[in-house]
Amino acid sequence: MHNRPTSPHLSIYKWQITSVFSILHRLSGIGLFVVFLLFAILFSIGVEKTTKNHDGVLEILQNFQNLTQSCVYFKYFIFSLIFITLLGFFYHALNGIRFLFWSFAMGFNLKTVEKTAYLVLILAFLLSGYCSFKIIALL
1 MHNRPTSPHL
11 SIYKWQITSV
21 FSILHRLSGI
31 GLFVVFLLFA
41 ILFSIGVEKT
51 TKNHDGVLEI
61 LQNFQNLTQS
71 CVYFKYFIFS
81 LIFITLLGFF
91 YHALNGIRFL
101 FWSFAMGFNL
111 KTVEKTAYLV
121 LILAFLLSGY
131 CSFKIIALL
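The opening position of the sequence shown corresponds to residue 1 in this note's numbering, with each subsequent residue numbered one higher.
Mixed in with the good hints, there may be bad ones.
To be verified - Below are the DSSO-like pairs computed for lysine-lysine, each with C-alpha atoms no more than 30 Å apart in a straight line:
#	residue 1	residue 2
1	Lys-14	Lys-111
2	Lys-115	Lys-134
3	Lys-115	Lys-14
4	Lys-75	Lys-134
Stated by the list, open to error - Simulated restraints on C-beta separations:
#	residue 1	residue 2	range
5	Leu-42	Thr-18	30 to 40 Å
6	Ser-19	Asn-63	41 to 51 Å
7	Ile-84	Thr-18	17 to 27 Å
8	Ala-105	Asn-63	32 to 42 Å
9	Phe-74	Asn-3	58 to 68 Å
10	Leu-38	His-2	45 to 55 Å
11	Lys-14	Ile-60	44 to 54 Å
12	Leu-123	Lys-14	23 to 33 Å
Hints are computed from structural coordinates only; laboratory data are not their basis.
We put the CB at the ideal spot given by N, CA and C, even for glycine.
Build out the structure end to end from the sequences listed, making use of the hints.
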């Protein structure tokens, strides 16, 4: 019983770009759900706290703006959070479009699969960077 060989399953598995991008697509979807759920909860709490006093919303926004202007590291932290969230969003959206084309039996050629995978990754980084810089410029 003790000398039985064990299956090598994962130790010999060769990762493919399609499986990696599929796993990342699912993880980005879960991550976006968590981020937007937390944002919705924080927004609800903020609205509840400020419904009696409308000046409270302006005060919160003004304090946030003062904090981003006074502390450079906080601005980098906020930029990182925005960039990572947007990266997940754009990756998930672009890869979803890629999967949608697959639903119509388009782009199954191995070269096309690899090219579109790298295109999704490059576009996600470029769009995330561009939008992050635009958002930070507003703060």
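For a quick check of understanding: which of the numbered hints are violated here, in increasing order?
8
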